[in-house]
Every structure is written in C-alpha cells, then in structure tokens.
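Residue numbers (the working numbering), protein chains in the order written: chain Y, 7 to 220; chain C, 2 to 466; chain B, 98 to 399; chain D, 24 to 668.
Don't read these hints as lab results, they were simulated from the structure.
This one's a predicted model, so the numbers in the text were calculated from it and none came from an experiment.
It is possible that some hints are incorrect.
Stated by the list, open to error - If you anchor each label on the Cβ, the simulated ranges turn out as follows:
id : chain 1 : residue 1 : chain 2 : residue 2 : range
1  : D       : Ile47     : C       : Phe18     : 44 to 54 Å
2  : B       : Lys247    : D       : Ile285    : 44 to 54 Å
3  : D       : Phe50     : Y       : Glu214    : 46 to 56 Å
4  : D       : Glu615    : B       : Ala385    : 34 to 44 Å
Ideal placement from N, C-alpha and C gives every residue a C-beta, glycine not left out.
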Amino acid sequence: MEIFEFIVTLLLVVTLLRISISGRLEVYIKMLSLQGLLLFSLVFFTVSHESYVTLAVAIIETLLLKAIFVPFYLNKVIKENNIKRETEPYVPHIFSLLMVSLGIGLSLAAAFYMKQEIPEVKIVLLGSGIAMILCGMFVILSRKKIITHVMGYCVLENGIFLLSLSAAKELPVIVSLGVALDAFIWVLLAGLLVRVIRTELKSQSIDELKGLKN
Amino acid sequence: MITFGGMSLIFAALAWFFKKAESGSRIFFVFALLHLLSSIMLMVNSLFPSSCCAAWLPLMPHTNPLCSYVLLIESVVVMAVAWYNTDFFMRHEEIPYRHKSPIYHASIIGFIGAMDFAILSDNLGMVWVFIELSTLLSALLIAHHNSAHSLEATWKYVFICSVGIAFAFAGIVFLLIATDGNLDLTTMQLDRNKLFAVKIALPFLIIGFGTKAGLAPVHNWLPDAHSEAPTPVSALLSASLLNSALLPIVRILQLTGGTGLENFASAILLTMGFLSLIVAAIFIPHAYNYKRMLAYSSVENMGILAIALGLNCQSGFLIHMAGHSFIKCALFLIAGNILSMYGSKLIKEVSGMVRIHKGLAYLYLVGILAIMGFVPFMLFVSEFVIIAALFNSNKFLCVLFIILLTFVMYGLGRNMLKMVRGKSSLYKSDYRFKTAAIAPIVILLLIAAASFGAMMYRGVFENIL
Amino acid sequence: MKSIIFNIVFLFVLPYLMYGIAKKVKAFFARRKGPSIWQYGYDLAKLLRKEEVLSDFSCLRNGGVLTLSGVLAAAMFIPQISGSSILNLGYYDYILFIYMLSFSRFFTIITAMESGCSFEGMGSSRELIFSVTGEIALMMTVASLAFYGKAENFNGIFNAISNGGTEGLIIAIIASFILFVLMLLEGSRMPIDDPETHLELTMIHEAMVLDQSGPQLAFMSFSGMVKVYLFASFIISLILATCKTSSYYWLFFILGIIIISVIIGLIESLQARLRMVHVQQYILFSAAISLILLLSVIIFKV
Amino acid sequence: MSIWQQPIQQVLILSLILAAGGIISAFFNSRVRGRIFAVIAGAVGAYSTLLMVLGIRGQEFFEYSLGSMNFSLDLVGRFFIATVGLGIFFSALYNASLSGNSRAFEQKNRFYYGSLGIFGASMLQVLLVKIDGTLNSALLFMSAWEIMSLFSFLLIICSDEVKGVSGKGLTYLLVMHISAAFLMTGFIAISGNPFGGDLYGFWALLIGFGIKLGLFPSHFYMADSYETAPGASAGLISGVMINMAIYGILRTFLVCVKYAGIFGYILLIIGIVSALWGVLSALAENRAKRVLAGSSMENMGLIIIGVGVFTIAEYVYNVHTAALMALAGVLIHSLNHSLFKAQLFYSVDLIRNHTGSTDLDKLGGLGKTFNNLKRSMLLGTLGISSLPPLNGFIGKFLLYASFFELLFNVESFKVALICVFCLVILGTVGALSLFVFVKLYSMIFLGAEREKFPQMRKAVENRLNSITLSAMSLLSLTIGVAPILFAYNRGKLTNVLYELTLNAFLIIGFSLLVWGFRHLLVKLNGSRKSPTWGCGYSNITSRMEYTADSFSLPLMRLLDKIFPRKENNEPVTELYPADITRTYEVRNPIKESIDFICSKFNDLLGKLQFLQSGLMQNYLWISIIFLVLAILYAIFSSSTAGGVK
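Next comes chain Y alone, as it looks inside the complex (with noise of 0.2 Å):
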C-alpha cells in the first residue's frame, strides 16, 4: 500500500504545482475536482474501515462534496456573475511557481524532521498536507479576485483532510461529518457573499474592499 500512498500524494503535490502556474478560473476548479478525486481514492484504499457507516461518511465527503459539488457550484457562481476569466495575482506566475515548489520542499523537510519525534506518523502524507495547506495560503494571499480566495480555501480544506489521514488514527464518526457539513455550508455562504458583494459593491477585486481602516 505504500507505493499507491505514495503515488497519489505525488499527483496531489502537481496539482498545487498546476494551480500555482494557471492564471485561469477554469483550471482551478479542474485541479480542485481532481483533488476531490485522488483523496477519495486515497480514504477508499488505504484507511480500513470496520463498519459501513465511516466508509459511507469518507466517500460522501470526498467523493460527492470536494469531487463532485463544489466544483459545480463554484462554476455556477462565476457563470452568474459573469466574472471576468482572469485571476490578475500581484505576483508574475513564475515567482508563484517558485514560492510553491520552495513550501513543498521546506514541509516535505519538516516531516522527516518530525520523523524521529513522532514515529507513528505516515510522513509522506503529513508532508504534502502541510505543502497543501501552505500553497492554499499563497493562493490566498496573492490572488486579487475574491473567488480565488474561496478556491483557495479549498485547497486549504482539503491540506487539512489530508493531515488528519496522515494521524493514521480515524476521527470519530460525528467529528468528520461536522467537517463535512461545515466545509459545504462555507463554500455556500462564500458563493452567497460573493454574488451579493458583486451586485451591493459591483466588484470581484480585494480594492473596493479596502474601506475598514483607522
């Protein structure tokens, strides 16, 4: 099982590669499916399951919400708001490119730091957990567009998901609903938000929401 661990980590590490690079909405939302997709796998294959109810739960978080859900709804916001295509970042794409492949490299050394502290821990998914959290962030912190901050947050999500996979130890059943349920309610309020800041503010960038200062 290790090798097959191994593999999809190392899709979902180009996946944050590949949205570090594009400048379009469109690839976003694909490399967030995927991701969807390769953490469903990784939750179907390698965690055992006792009972039919938390595998019930893992498929329907990973498969139906972060696969399937999000990534339609997301397209239905930027469809009814006909946002522009472009994610205009502060930064040129290649110095993006850089910083990632940099938090890839420095979390990748951070866990087999940590190896000999905890050694119980599968290292190669706590690794590419805090890289997704850490390119999650970048994401976040260098896009103008607000959309991209939701999509950001959800590659931020899914870092997370992947982290608690990394603990080997399974959360209980209700803990991971509730994660479940608070990750859809917040990419429903985020689009919500985003549609009414569209019509009240009638902008899509981070500039008109620059107004709160002392």
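Given the coordinates of chain Y, work out where chains C, B and D should sit on it, guided by the hints.
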C-alpha cells in the same frame, strides 16, 4: 446538551416561519427566557450534583462548573439582548430591513444554539465543528444591513476566522497523535513520550482559537465586525462569542497542567495578551467611531484574560470574564441607543449628550467608568487580582500592564468626555426611549455592581471554584 | 509682683527715651542742640489727642490697634529690666515671641494696604521681603541659643550662658551682633531705612504709616519703638548674663539701653542708607553669621 | 455590646445615612434640596466631632468584621472622621446658600448633591478599613479609595467653567489612577510579609500617597484641577480629601516598622521641598484659586515634615515626648487645615459668583460690598498663615515643639543639624505664607476697586452663606483659643496646650484693651473721612494702586528660573495704540515637560495606525508570520525538554 440543541433548532425553525418582525422578536424573547432557566438549572446541577434539578433535567449530563459558568454568563447576555431586541426593529432606521427579520431571527437563535454546543460538548472535534458553525451563522447576522462596510466586514470576518479555525483543526490533528485517538476532553490523557506532538499542536490551537477570541496579532477582524454589525448582534458577539472561543484554550491548558508544557503555553498567551493591550493602547485614543472604540476595548479585555490564563490566576480570569461580558454588552446597547438618537457613529458628530438625554449620558458615563475598571464594578477586583499575580511573577510586566491600562483609560476617558460634555451637536430633540431600550442596560450594570459587593463580602483571595 | 510692675512701667517709658537719645546723639554730631530726649514722648501724647482722619477706602479701621496689641503681647515674653519676663511661661516662649512679632507685622501691612495708595503697597512689599530673610536669621539664632542651653524658655537660655563661662561669652557676643542687626531691621533704623527721609519711594516703614493719623499713628510708631526696645533688652540680658551681676541689675540694664541708643545714633549720623538690593544682602550676611553661631554651639555642645 | 458602645457600626451607619441623604436629596428642587442635605450632613458632622472629643478621653482600639471585611478604629481614625464630618457639613451648607435659577445650575446642583453624599460615605469607609497587610484588607482599602477619587473626579467635572474642563478633569482622573496603581503594587509588596515588607512596597506607598497629596514632583495637576472645580467641591477636595492620604501614610507606617526609620528622613526632605515649592508657587500665582492650591501643597508639606519627625522620634531614637507632640501636631494641623482651607475656597467662590473672576489684578476694594465676608475671611487668612489667636498656630507650634524636643534629647551631630535646619525652614515657610495671604487678602478686599463689575448686584450676601463662613471662622477661632480640649492626660503635651490657651487669651485681651483705649480717644476727639492723602497727589485713582503682580515681583525676580513667566501681550501696531492689554501667566515647567512627553508618545502611537490597513491579505500575512514564529519557538525550545522560561 441535547435540550439546548433541540430548543434552539425548534425555535430557529419557528422564527423562520413567522414573517412579521414583532413575532420573530417575541419568539427570540421566549427562547432567551427558556435558555436562561435551563442554564441556571445546569449551573445548580453542576455545583450541587444531587440537588433537586437533577430530576428535572434527565437529558442534562453532569458538566464541569467552568462550562456551566460560561454558559450562565452567555445566557444572561442573551436575555438582555433579547429584551433589547424586542424594541430594536421598531426603530426608524431599521424600517427598510424589516423584510429580513425572519432570516435575522432564525440565524441569531441558531447562532446561540451553536455557541451552546461549542461550550457544552466534551469532544474537542465537536467543539471545533460548532465554533465553525457559529462563525458561519454570525456572518449572516453581520451582513444584516448589507451596506458596503458591513459586507466588507462580513467577508473579512468569515475569511480570517475560517483560516484561523482551519489552523486550529491542524492543531487538533497533532493532538490526536499525542492522545492516540481519544478527543474527549474530560478523559483525555497525554502520554509522556509524545510531548513533541503536543508542543507542535499548542501554537496551532492557541493561535487558531485565539483568532476567534480576538487576541492581538490575529484580531484585525474584530473591530470591523463588531462596529458594522447591528446593535444586538455586536453585543452578543463581543460579550459571549469571544468567551466561548476562549473556553477550548482553557480546557486544553487544564490538560497540559502537569506535563511541564505550561511555561511554553503561558509564554505564548502572555505575548498575545500584551500584544492586544498594546494594540488597544494604539487604537483607542485615536478611534474616530465609538463602536470601534468599544470593539478595541474588547480586544484589550481579551488580552487581560489571556494574561490571567498565562499566569494561571484562576479567580482573576473568572471574575474578569463575567465582568467584561456584562459591562461590554451594556455598553454596546448604549452605543446602539446613541446611534439611533444621533444617527451617526462618528465621535466628532456626537457631543453634548448631557443636554439632549441626561439619563443616557449618565449611563454612558457609568458604563465607560465601569469598563475602565473603576470601583463599583467587578473589573476592579479582577484587575487587582491580576496585578497581584503579575507583581509576584514579573515586576517589569506588571509596570508595562499598568502603563498600557492607563493609556487605554486616557483614550476611553477623552472620547467619552468629548461625547458627554460640550454644546450639543443635535437640535433640541425630545427623544424618548422605550423601557426595552434602557432596562437591560441598567440591569446588567446592577448585576456587575452587585457581584462587586459579593466579591467584597466574600473576599477574593481564597480560591473560588 | 514688684518686678512685673517695674517691667510694665519701664516698658512704657524706655522705648521713646531710646529714640530721644539717638536723636540727641545725631544733633551732637551735627553741632546743634537738638530736641530734648523726651521729645518723642511728647509727639506720641500730641498724636493721641488729635482727631483721627481715615481714608475713604479704609474698611478695617482697627489695624493700628492690633499692631500695638501684637507687640505688647510679644513684650510679655522677653526678660526686661527686672531680669525676668513679665509672663514667664514654661515652654518655648521664644517661638511665641517670634509669632507675636509676625502677628503685628500682618496688621501693619493690612492697615498700609487699606489706604489704596501705591507708596504703601511698595513699602509693605519691601517690608515683607526683608522680614522673610530676617526670619531666617532670627530663627537660626533662637534655635542655636536654645540648643546651647537645652533651654525651653528665655530664662533657661540666659542661665545656661551665665554658667557657660568663656563659651557663653563667645556665643553671647555673636548672638548680640545678629540681634543688633535684626533690631535695626525691625525698627527700620538707619542702615536699612532712614526714618527722617521725605522721599516716599525710598521709605519702607515710614511708607506704611503715610496715611495714618491721630491715635492710629501713635500706636503704630510706638509699636516700632517697642520692637526696638525688646530686641535691645534681649541683647542686654544676653550681655548681662555673661558677667554675673546680681545686685543693681536694673541700673546696668538702663545703662545698656543708653549705650545701645547711643550706638544707634552713632550709626545714623555716620552711615548713609544702603541701596535696596544691598539691604537684602546685609540681612543675609547676618543670617550667615547666625549659621556660624549654630556651628560654634554644636562644637561646644556635642 | 449594644450599638451605642460600638463606634465602628455607628460610623458605618453614618456613612450609609450620608450616601442615602445625597441620593434622596437629588430628587427635590434646588431650594429645598440644599437644606435637607445640609441638615443630614449637619447631624453627621456633629456626631463625628462628638466621636472625636469622646475618643480623646480613652485610647481604646475597636475591631469589627463583616464577612471578610474587617474594620478598625482608633484615635487617629477619629480625628479624620471629625474632619470628614465637618468638611461635608460645611460644604453642603455653603452650597445650599448658593442660589441660581438657570437650568444648567439646576442640573449641576442635583449632580453635585448626589456625588457629595457618596463622596463623604466613601471617605468614612476609607478611614474604617483595618490595614493589617493582608491582600483582602488591601483590596477593601483600595476599593474605598477608588470610590473616593472617582467621585472627586465627578465633583470636578460638574464645574461651570467655560472651556478646558474635560481636559483638566481627565488629567486629574489619570493622575489619581497612577497613584492608585502605585498604592496597589505597594500594598501587594508589603502584603508578602506584613511586618517586614520589602523596600519597594514602602517606596510605592509613599509615591502613591504623595501623588494624592500633591507633594513636590507630582504637584503639577493640583493648580489646574482645583481651579476648574466649582468652589464648594474644590474646598472639599483640597480640605478634606487630601487628609485621607495623610491618614494613609500614618496608617501604613504604623503597621510596618522595619523601614520606618529611613523613611523618616525621606519624608522630611520631601516635606521641606514641597512646603517651600508650594508657598513659592502660591506667591507666583495671581489667580485666587491657584494661590489656595499652592498653599494646600505647602500645608501638606508641613504635615509630611510632622510625620517625618514622628517616625524618626518614634522608631529611630524613641523620644516619646517628641513623637507624641509631632503626632498631635499632624492630627490637629490636618483638622485645622481642612477648616480654614475650605472656608477660603468658599469665600473666593462666593466672590467669583458675584464678580465673575478670581484674577487678583481685577478684584479690589470689595471690603465694602462684602461686609461679613471681609471679617470671616480675615479670620481665615489669620488661620492659614498660622498666626496666634487662630487654630493654624496650634498645629505649627506643636511641630516646633516636637523639633525642639528632638533637638534637646538626642546627642548626635546629624540630628542637631537637621532639626535646626528644619526649624529655619518652618520659620521661612511661615513668613512666606504670611506674605502670600496678606497679598491675597489685601488684593481682594482692601484699597480701591481695580475694575468695575457690571453684573455685581448690590444685595450681595444672603444670610445663609455669611452664617456658614462666619460659623467656620468662629469654629477655627474656638479651636485656636481653647486647644486644651485636645489634651486629656498627655503629660508635657497638656502643659504646652495649656500655655497656648493662655497665649491666645493674652493676645485677645491686649487687642480688646487697646481697642477700648482707641474707642475712648475717638469718642473724645471724633473721627472723619477724607480722600487718601498719598503725599500730595491731587486725586488717587484706582489705576495707581499696587497690583498683585508688582506686590510679589521683587521676590519672584530672584526665582525666575524656577517659576518662569510667559508674557503674552499684543503686538503694538498703530503709533498711538488706544489700550494695550499686557497679561502674563506663570509657566509650570514640570507640567509642560509632562504634556510634551505625553503628546510625543501620542503621536508615536498615532503613526502605528497603519497596522489596521484594511487590506485582508495583510492581516493574514501577520497571522501566518506569528504562527511560524510560535512553531519555531516550539521546536527550538523543545531541546530544553519543556523548561522554557
């Protein structure tokens, strides 16, 4: 816990169903009454387990006194806000938003339910889930006026808090490693050799829940959210939400008691506490909007609570939390009255309140003196206890603490005197407030003063809980 | 009882006698006959018989009365002609003496300011400034004398000096020099203030009584004389304490009074008035000497 | 024992009556309210003086505890309870006599009585708390103390000054907060081991009480806050509230003896410096209320000298007679000071109500219009410059006596030098205060009117305030004439006080004698009035009169460095200007430097406003950086296996 959850779900549905604003606020009032009753019974039950109410509350498991104490504070605040809310929608500036009353009342009841769960549930995972849920529900409330500023505030509030709480979840995962799978706070055991995982988990947890509690380096959402939200919501946010976010940190710290990690945890808490005092000292004297000033004073008081936690000074922490919640809720309700009387939030445009409405001016004077930590109110006792603890642990920090408090006092005093004294910027208005607008404020201040008397009578320096 | 009557009788005789003798000495130096030594007494009697004229602005008409009563009260404490004071109280009567003098100074200035004319204001402000510096010297002397004899009243001081031998003599001489300067200050005699000047701008004491008339003027000028007499009796008691004369004490006392008034007359005829700034330095000079007195007392005593 | 034997319960009930009276009387209209509260306060004042007089007989020490709050009362406490009782009574009586019909006056009066009642009650509480070095008693003392300074702030705020009230009120509140902070840390420090107490605790307590007293380095706020406070509350604050700090110092020094010796000398030095500085600043000022504020500082300096002598005599050389004299001097002087200081403030306020200004260069010749006020203020001025018949002299004489006692009984070079030096300082401060108050009295009442005040009504004094002021002056006269009532069987102290009574009768007897003689002469030869002679001037106008500034100029020119004067005069534009106003005011270098530092710090904080920049990404950056720092700290500190501090 189930009673609280069930109650809030039923009432939220009811509120959603009734379209008229009056009926929505009446439902909210009834919900608040029930909420107060059950939390009092819970408190009595947790202090004296075998007492009479145990029979009454079959569904109420025995919770530790700390959670029921925080719940009691929250339910008193909810009661005051609900009473104020009955008159809130009748005011002239709320008329254009009456059509949004069902969503408003449903989400406010849901928000309170989520907070109850966050306080009462034992499992750290569930606590995280419900804090995330309360963030989302309160986002709807802040966007109630959907003006440019309030939308921006909501966006920032949702985003920064969710990122913060996501970090908290990462902390929980690391904690999971250390306690090999058991997340139940009451029965959690940290085994000795996995201390490193806990050491990594602590910063994530403290900073994660710290964003939600408004501690310093991650507090930036608090002034915007609390000053743009409608009055009852901002009172609720700053009086009860901040406490419920601070509670998980307290319970985790209780866990790391014996393991030699508490110096490390108190180091982080002390830095965050003093940073928030510095932030308050920077922004309060230069505040241009009195609701922002009150929000910064919430940041300051949360900083004091963090310092009390860092010093492990339990009585100071408990008194200060209760005092701050009551007085801050009263102050935000007064600010709401000032807003509806003067129509503007800027300190420049509000002056000579003594000439317009003497009662409100004196209430505002007393409220600001109370939050400054002057005598007839609880904050004086807690500040005395915290200064005593600080003095014994580190003299330099004590001096810094006093200097920063003086700066905050200077800022609050100057702004308050500017608003209360001087020629009135408003024409001679005979603005009449209904009892629902004034009574909750007076009762909250009276509770604070009465508990000051009780503290005096009982003597603070023996341990309380 | 006999000594008290003796004291009171001479209290009402000797003060203007001293001024008369001083005037006589000045006349002698100016080679003219000069008025009789009782002339000041006749002036006072004349003033008492005159009609009292008050200025329109005056509202407290009894300033002069209280000045004289303060000085007379101060006279109760100093041992005068009969060797012992009229009212020998047991504890710290030198402090009472100092404060009675300041009581009378308070009312001289009140009466002066009542007339509302600029000269009185100028005179009283100068009087107050000099009295502040004078107070330093007086208090230092009294304190060191008291410390020397560990005495709680005047008699104690003089007994200590009399059985102090040569130490007592040195202390008595230094103290009497300082007290002589203070006497000139209190009575506003020559080096500090010229009593016969007609230039209002230079006056100190005379400026304060410019607007008084009749009995009030008599009271205020008599109180000036009594102050000089009190300080003179303080000096003489100090000197007599050193040379252990028991019989005919009153004879030596009157001789001392005459000598002092002759010295005052000498100074007035030989020396011109000091400039206003130099007066302050002159008094501070006496305060410096009192510091030397204190150090000498401490060296002897401790 | 029944309630009557228990003085502590009585005083607790008194304070409750006062507080309730204040609040209840706030509901009536202003005419009735003043009288009701005056009656209540009168009862409280009379009862507290009775307590003091009875207390002098016995030396009992009473204890009483209510829940965790424990109270105690002894002779020192009784003196101060009498001061509070009398102070509140006279302030209420004076305020009842003020009449005004404008709405603002109505509102202020209601606010004043409400806070006056609770102010008095809090002061009585402060006096009752038993300071025994435990943290609980410290908390109780500090809460009573904070209520007192909070309500004194409220009393200052309800002033009818036109501008600058909030600024000065706020400075006063902040200074009181800093002093409370010092007191808190001081109490906490000495609460470690009550009878040992480390040095820091003593220093903190001394600085805390010193700020409240307005001793040397912290006197900058006094002149401003007493000037803005309305007359009735300024008299109360500077007369009565300051004594609480004296009580505080006495009480804490009685409890902790270890460092009392060293602190005696420190108290002496601070007392001397503040007495001299106070009287010189009073001399430099030209507004009546600021002069009185300076003189408060001077009197507090003298009392602190007394406390210093007491500590030295008691704990270093244990000369008990000197210690007893010094303690009696401190207690009597603080009682007397509260009486005549309050009376002077009320008279100045009465003048301000009728003429509209307290500037000495504008007032003058008011003796005719204010007949009763002239006489009572004369007695007040005699009292404050501590001249014989009045009570100011008693306190000062006892200080002199204690110094002499110490001088005679201690054979050490150092003590002799210090005692004589202090005696000289006492003498000069006495002479200077004579200078100040002669100037104050003569500039207000005597001479010709320097400026016409249009709104000054002819029927100036109503009966009530003349009764109040003359009652106060007669009370201080009785204390002055009969100090024997203070001395029961106290050995040497009794003889000294007996001698003072004799001395007072002496001076009064002589005055009556000479007054009778003059009366006889005037009856014989008659007396007439004519314009002032003034050495041949044709007609004396009021502009030729000596003004307050010129009166104190010769001495002030010497002290130009310490009290710099700012001339603000208009630039002369035309060739022959119609009228040029040249005003000047005394600059307070300490206050200016403190304002400078505060404004610099404020601007520095202002520059940090960019932290709340509005852009969400900045906030997220800050949180991530802080998180990374925390984790690095966690990793690197883990090498020390948890021991972090």
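For each hint, the structure was consulted:
1. D:Ile47 - C:Phe18: 44 to 54 Å: The hint (44 to 54 Å, Cβ to Cβ) holds, given that Ile47 of chain D and Phe18 of chain C are roughly 51 Å apart.
2. B:Lys247 - D:Ile285: 44 to 54 Å: Once the Cβ atoms are compared, 27 Å apart, the range 44 to 54 Å for Ile285 of chain D and Lys247 of chain B is violated.
3. D:Phe50 - Y:Glu214: 46 to 56 Å: holds (55 Å)
4. D:Glu615 - B:Ala385: 34 to 44 Å: Taking Cβ atoms as reference, Glu615 of chain D and Ala385 of chain B lie about 36 Å apart, which means the hint holds.
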